[in-house]
Amino acid sequence: MPVESALGLMFQFGLLIVGILSLANSNKKK
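The sequence shown begins at 35 in this note's numbering and counts up one residue at a time.
Derived from the structure by calculation, the hints contain no laboratory data. Warning: the hint list may mix true and false statements.
Distance windows between CB atoms, simulated [stated by the list, open to error]:
| # | residue 1 | residue 2 | range |
| --- | --- | --- | --- |
| 1 | P36 | K63 | 29 to 35 angstroms |
| 2 | S60 | A40 | 26 to 32 angstroms |
| 3 | A40 | N61 | 30 to 36 angstroms |
| 4 | V37 | A58 | 28 to 34 angstroms |
| 5 | N59 | S39 | 27 to 33 angstroms |
Glycine included, every Cβ here is placed at the ideal spot set by N, Cα and C.
Please work from the sequences and hints to get the whole structure.
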């Protein structure tokens with residue numbers, strides 16, 4: 035497996051997790 039594709043997948047997964055965490059945080063504040 036090419037390193038570039040692995041890094042791309044990890045990067046997308048990280049962005050997805052960050053988005054979910056930020057959504058959860060904004061929901062907790064309300």
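Here is what the structure says about each hint:
For the pair P36 and K63, the supplied restraint of 29 to 35 angstroms is violated, since their beta-carbon distance comes to about 41 angstroms. Judged by the Cβ atoms, the range 26 to 32 angstroms given for S60 and A40 holds: they are separated by roughly 31 angstroms. For A40 and N61, the hinted distance range of 30 to 36 angstroms is satisfied, since their beta carbons lie about 32 angstroms from each other. V37 and A58 have their C-beta atoms about 31 angstroms apart, which keeps the hinted 28 to 34 angstroms range intact.
Here the CB-CB span from N59 to S39 is close to 31 angstroms, well matched to the stated 27 to 33 angstroms.
The structure fails hint 1 only (numbered hints given earlier).
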